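A.B. asks: Protein sequences appear in the order of chains A and B. Residue 279 in this note's numbering sits at position 279 of the first sequence; the count goes up by one each step and never skips. Residue 83 in this note's numbering sits at position 83 of the second sequence; the count goes up by one each step and never skips.
Honestly, the hints are just simulated from the structure, not real lab data. All figures in this text were calculated on a predicted structure; none of them were measured in a lab. Quick reminder that beta carbons are idealized off the backbone N, C-alpha and C, glycines included. Hints should not be assumed to be uniformly reliable.
What the hints assert, rightly or not - Computed beta-carbon distance windows for the label pairs:
#1 C102(B) x D318(A): 33 to 39 Å
#2 T65(B) x K133(A): 43 to 49 Å
#3 T65(B) x K286(A): 29 to 35 Å
#4 N19(B) x K133(A): 53 to 59 Å
#5 K314(B) x F386(A): 44 to 50 Å
#6 D151(B) x E237(A): 39 to 45 Å
#7 E349(B) x F360(A): 30 to 36 Å
One letter stands for each residue in the lines below.
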Amino acid sequence: MSRFTPELLAPAGSLDKLKVAISYGANAVYLGGLKFGLRSAAENFTEEELIEGVEFAHSKDAKVYVVLNGFLHDKDLDELPKFVKFLDSIKIDAVIVSDLGVIKTVLSNSSIPVHLSTQASCLNTSAAKLWKKMGVERIVVGRETSIAEAGKIKKEAGIEVEMFVHGSMCMAYSGNCTISNFTQGRDSNRGGCAHSCRFEYSIDFDHLDTTEKKSAFFMSSTDLNGIKVLPEYIDAEIDSIKVEGRMKSHLYAGTISKTYSEALNYYKEHGDFLSDSLKNWDNELKKVTHRTYAQANLIDIAGVETIFNEREVSSEHDYVLVGRVIDVNPGDSIIIEVRNAWNSGDELEILPFSGETIIFNSTEFSTLMNEKLTRTKPTSLVKIPFFDNVEINNILRKRVAQ
Amino acid sequence: MKSIFYYTDDLDLSLFKKNTEFIVEHVELSRFGKLTTKEVNHAAARLKEHGFKISLEWDILMSETVFNQKVHTLEQIDLILFDSIRAQDPGAIEYVVDKLECHISLILETGNHNLIGIQNWIDHCQGRVDRVILSVELDKKTLSHYSQSLDLPIEFLALGRILIFYTPRNLLSALLPEDDEKKKVSLISNEFLTATGESEESPHRGFPLVENSHGTFMFHIKRLNLLDSLKDLDECGISVVRVDTRFEEDKNIDLILKTLETSDATEFKAAYGFDSIRGYFNINKTDVLFKKLKNSRLQRKDESYVGEVLETNKGNYMAIMIRKTSLKIGDELKFITPEGKTMECKVYELKNSRGEEISESVKGELCLMNYFGSVWPKSQVYLR
Chain A
1 MSRFTPELLA PAGSLDKLKV AISYGANAVY LGGLKFGLRS AAENFTEEEL IEGVEFAHSK
61 DAKVYVVLNG FLHDKDLDEL PKFVKFLDSI KIDAVIVSDL GVIKTVLSNS SIPVHLSTQA
121 SCLNTSAAKL WKKMGVERIV VGRETSIAEA GKIKKEAGIE VEMFVHGSMC MAYSGNCTIS
181 NFTQGRDSNR GGCAHSCRFE YSIDFDHLDT TEKKSAFFMS STDLNGIKVL PEYIDAEIDS
241 IKVEGRMKSH LYAGTISKTY SEALNYYKEH GDFLSDSLKN WDNELKKVTH RTYAQANLID
301 IAGVETIFNE REVSSEHDYV LVGRVIDVNP GDSIIIEVRN AWNSGDELEI LPFSGETIIF
361 NSTEFSTLMN EKLTRTKPTS LVKIPFFDNV EINNILRKRV AQ
Chain B
1 MKSIFYYTDD LDLSLFKKNT EFIVEHVELS RFGKLTTKEV NHAAARLKEH GFKISLEWDI
61 LMSETVFNQK VHTLEQIDLI LFDSIRAQDP GAIEYVVDKL ECHISLILET GNHNLIGIQN
121 WIDHCQGRVD RVILSVELDK KTLSHYSQSL DLPIEFLALG RILIFYTPRN LLSALLPEDD
181 EKKKVSLISN EFLTATGESE ESPHRGFPLV ENSHGTFMFH IKRLNLLDSL KDLDECGISV
241 VRVDTRFEED KNIDLILKTL ETSDATEFKA AYGFDSIRGY FNINKTDVLF KKLKNSRLQR
301 KDESYVGEVL ETNKGNYMAI MIRKTSLKIG DELKFITPEG KTMECKVYEL KNSRGEEISE
361 SVKGELCLMN YFGSVWPKSQ VYLR
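The shape of chain A in the complex, shown without the other chains:
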């Protein structure tokens, strides 16, 4: 019996990450071209990479959504039709847009479905009805929306609803923060966000003596983790659950895609979740770098526990990415592109696209010229012994000494 589960939508900051996310089970990815999005510092995709990305995704029955979610100015719109026509020609599956001018430009230059970005802060049924009239087929609801509210919006507005399930969170209503614009001269709503909300501030309350200033990262949000409330997403018939993080690592793209995908597949097969399984998946999600996890507004209104009052460097992670499989010689060797060094004897884990994690002590590894090594170094390629079920784009990780 096939049960409803939401689409799993993963971030793809680069072509490699697109392949990683889809190979690990994402049903769709979202990505940016070189312009018009909100991540100017990300690698993003050239047109050739977009073509290759779409071909790869469609060959795996996955969808590709392209973000055009900047608050674009007139001069940007002059350049947009050409890019939109290109996107239409390569058969992307949707664009994610936040600005009405962009929506109308897309609709008048292509037949690409339009999804409304969370940047537009669509928070209620009345707003969703308006956007539907504007030609939008799917709403990515604002992060202030609960799952129950999102389900209600879907039913009452008669529109597809996508909702964040995992990753970093804006503290502000998305699209309503211009700190970077006025302090750094970088338009946060056209890709220049300087993450000023993650800085420490000294707060001087008007009703207190100045000696009682409070130093705090008071505008920094904890990260979202919705694995334990997946049943609620399913019950509310949310069409797509979205993972934040186009700037994040291959380990993140792979781990998150694999974990949520396994959970959704489990539900599809069994029709329920076991609490032990949810706990195990939750443990997996702790293996990627993250701020303290919370459920934000998913169930209840976000409270004090959703303020991440710590400096970024103290982000929590149990594991680091040590490398990515870039070539497999069956029966002989596996070639790893090293991202973080490891030593002989270290316990490493390979995450296959499906099935159990392969855990091994790394005692035998060498250069591509078969020179034995006792320690790897980042940006090098090393050869390790062959294991079954390992494929190109699998990721390797190592537990961080606690």
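Place chain B on chain A using the hints.
C.D. replies: Relative to chain A, chain B alone:
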């Protein structure tokens, strides 16, 4: 050019010209409103008696649950007294268009930096829009273009705080102990909790902060002040200038009105006690730094693109991941390093990752070619 002010009970209405407009803010509908329903109805009646045009501000953003509560509040207000409702949340805009009969003033201050979008907002409201309120991020050249293209009055902030952050969360009270008296009062009444914030990023000191029942707000450290540019604003086609003195103890109303009358801001500027800026009125260049945010040399340019160098082993080989065009013995290559240097060399030795000699490597394969000095990992490889 008309002016619009925020209404407060202490304003001497006799000072204002008859064509002045007022914004009335309800505690539950407006971000910084303090008036109850009864007080809003009373304020509107008082302003009406003086013959002023009045707008009700409904500018908060609303989740589904909050929206339904606020609609109930709206139903209690004597809307017939108001000439228009000012709204930003598309849900509020849709509600006004669908369920009410009054005019709507579209708050398009967040984003909305293109004419196509602005015109479509207006079109959607089916002739009900009485003005558009545009973003302070727009420069005068753009404003001028818009005023010539739109068949509606444009309102623009001329004096007041610049809002740069808005969240529904309570971020200030979270920093105070439970027994803080001010915190206790602010959480049960609508008394604002106020503070200033100093970022660790020097020189950004003194951000005004406000927490109330709608969340937490942060403003720019300086006020926007364009009162010395009223002629420019007029020439740009701005029909209504907004004056926001809500957060000032000394509102300098008489001097502001004199400035609006004479377009001479000298006296006002001397009396105004705050640092001010002109924002982006002259020019907005907030996208020029983008090209510095990433190394464009690492971006693949697809004509003749081969792939990327993943590793160099001095004197032995360069490992290349073939991403597009295949690589053959005899090919002449160009490498662009992350530092932007260009190197050229010929392929005379090619192996696969098993170390076996090959004559060609194709897309998706890893190959090793003869070493060439000064080429680094991440260098992009092209056919010459």
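A.B. asks: Hints first: check each against the structure and report whether it holds.
C.D. replies: These are the hints, each one checked on the structure:
| no. | hint | result |
| --- | --- | --- |
| 1 | C102(B) x D318(A): 33 to 39 Å | 57 Å, violated |
| 2 | T65(B) x K133(A): 43 to 49 Å | 23 Å, violated |
| 3 | T65(B) x K286(A): 29 to 35 Å | 31 Å, holds |
| 4 | N19(B) x K133(A): 53 to 59 Å | 35 Å, violated |
| 5 | K314(B) x F386(A): 44 to 50 Å | 28 Å, violated |
| 6 | D151(B) x E237(A): 39 to 45 Å | 43 Å, holds |
| 7 | E349(B) x F360(A): 30 to 36 Å | 33 Å, holds |
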